[in-house]
Each structure stands twice: as C-alpha cells, then as structure tokens.
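Note that the sequence shown covers residues 1 to 176 in our numbering.
Source of the hints: derived by calculation from the structure; they are not laboratory data. Don't be surprised by glycine CBs; every beta carbon is placed ideally from N, CA and C. Don't take every hint at face value.
[Stated by the list, open to error] Quick list of simulated restraints, FRET-style, between CB atoms: (1) Ala-6 - Leu-162: 19 to 27 Å; (2) Val-11 - Ser-143: 17 to 25 Å; (3) Leu-60 - Gln-26: 16 to 24 Å.
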Amino acid sequence: MKASDAMSWTVALVAALVLQVGVFDQIKLSGYINPQIVPALFLAAKLFLPKYLHLLLSFLTGLAIDWWYNTGGIYASALSMISFIPLERLLGLLVTSDLGIIRVSTVGFRRYFVYISISYVVFFAWLYVLDSMASIKFLVLGSKILYSTAISLLIVVPIEILLTPDATRVGKRRLK
Numbered sequence: 001m002k003a004s005d006a007m008s009w010t011v012a013l014v015a016a017l018v019l020q021v022g023v024f025d026q027i028k029l030s031g032y033i034n035p036q037i038v039p040a041l042f043l044a045a046k047l048f049l050p051k052y053l054h055l056l057l058s059f060l061t062g063l064a065i066d067w068w069y070n071t072g073g074i075y076a077s078a079l080s081m082i083s084f085i086p087l088e089r090l091l092g093l094l095v096t097s098d099l100g101i102i103r104v105s106t107v108g109f110r111r112y113f114v115y116i117s118i119s120y121v122v123f124f125a126w127l128y129v130l131d132s133m134a135s136i137k138f139l140v141l142g143s144k145i146l147y148s149t150a151i152s153l154l155i156v157v158p159i160e161i162l163l164t165p166d167a168t169r170v171g172k173r174r175l176k
C-alpha cells in the first residue's frame with residue numbers, strides 16, 4: 001500500500017465516521033430503521049487492505065462508534081463479522097490483484113449489488129440480534145433487518161454509482 005493510498009483511505013474512513021455519527025445515526029425512520037454507510041467502506045476495501053489490517057481497522061472503527069454511543073461493542077462485533085466472513089470468495093468476486101477493490105466498475109452492477117446486499121443483511125442481523133438479545137419478537141427483528149438493509153442500499157448504491165467512472169459501461173477491467 002502506497003502512502004497516498006493510506007492517506008486517501010484514512011480521509012475516507014474519517015469522513016465516513018463523521019457522516020455516520022453526525023448525520024446517518026440521527027435518521028430514525030419509523031423509529032428504528034437506521035441507515036449505515038461505514039460498512040460499505042469496509043466492503044469495498046476487502047481486497048485493497050491486507051486481511052489483518054482490514055479486520056483490525058473494522059474492529060477499531062466499530063469500537064469508535066460504540067464509544068460514541070456507549071453501545072458496548074455491538075458495532076465493533078458487527079463490523080468485524082462482515083470483515084471476517086469471506087463473502088467475496090463465496091460469491092466468486094475475487095478479482096485480480098491489479099483491481100484490488102470491489103466496486104461496480106470492477107465486478108459489474110449485479111454482482112456488486114448481490115455482494116453488498118448479502119453483506120448488509122449479515123451486518124444488520126448480527127447488529128440487531130446482539131442489540132435485542134431476544135427481547136423483541138423475531139418478526140420485528142426480521143423487519144428491522146430488512147428495512148435497514150433496504151434504506152442503507154438506497155443510500156450506498158447510488159453513491160457507489162456516482163463515484164465510479166463509467167459504471168454504466170462495461171470496462172476492460174470488469175470481472176466477467
């Protein structure tokens with residue numbers, strides 16, 4: 001990893017944390033649906049960062065969110081969970097090392113959407129199960145997971161498309 005890559009990653013991580021804590025955590029749709037953007041940053045960088053660093057940074061970022069909201073480690077656990085599970089391998093999204101990042105431009109829209117959707121369902125399932133610890137009904141828990149995933153995807157996917165050059169075109173480096 002070059003110094004410029006590390007600096008841009010640090011700026012993106014700080015910006016995502018500030019947006020998450022300052023803006024998106026203040027949005028409570030229907031009282032409990034909460035969009036999350038921080039997981040998208042870690043999902044995109046799974047191939048970019050070494051595995052040990054990815055897991056450590058996801059844990060520390062989750063710990064920072066937990067510290068801010070005094071939530072006892074549930075965000076650290078949920079971010080570590082999506083960092084630890086090799087969904088990109090299970091879904092066949094491993095790309096060559098020169099691409100290094102899972103984006104719409106590298107894997108295509110459909111594969112990116114499936115990858116990020118499953119990852120967000122895992123993230124919210126882990127987050128809400130730990131948060132509730134069986135104190136609410138499973139139907140409410142399931143709807144909370146699905147609605148939070150849907151709202152987060154409505155925010156993350158358009159941002160990814162806007163930030164990806166030529167996302168609508170099939171590029172030379174796109175995974176087939």
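Right, here's what the structure says about each hint:
For the pair Ala-6 and Leu-162, the supplied restraint of 19 to 27 Å holds, since their beta-carbon distance comes to about 24 Å. In this structure, Val-11 and Ser-143 break the distance hint of 17 to 25 Å, their C-beta atoms being roughly 36 Å apart. For Leu-60 paired with Gln-26, a C-beta distance near 23 Å keeps the hint of 16 to 24 Å intact.
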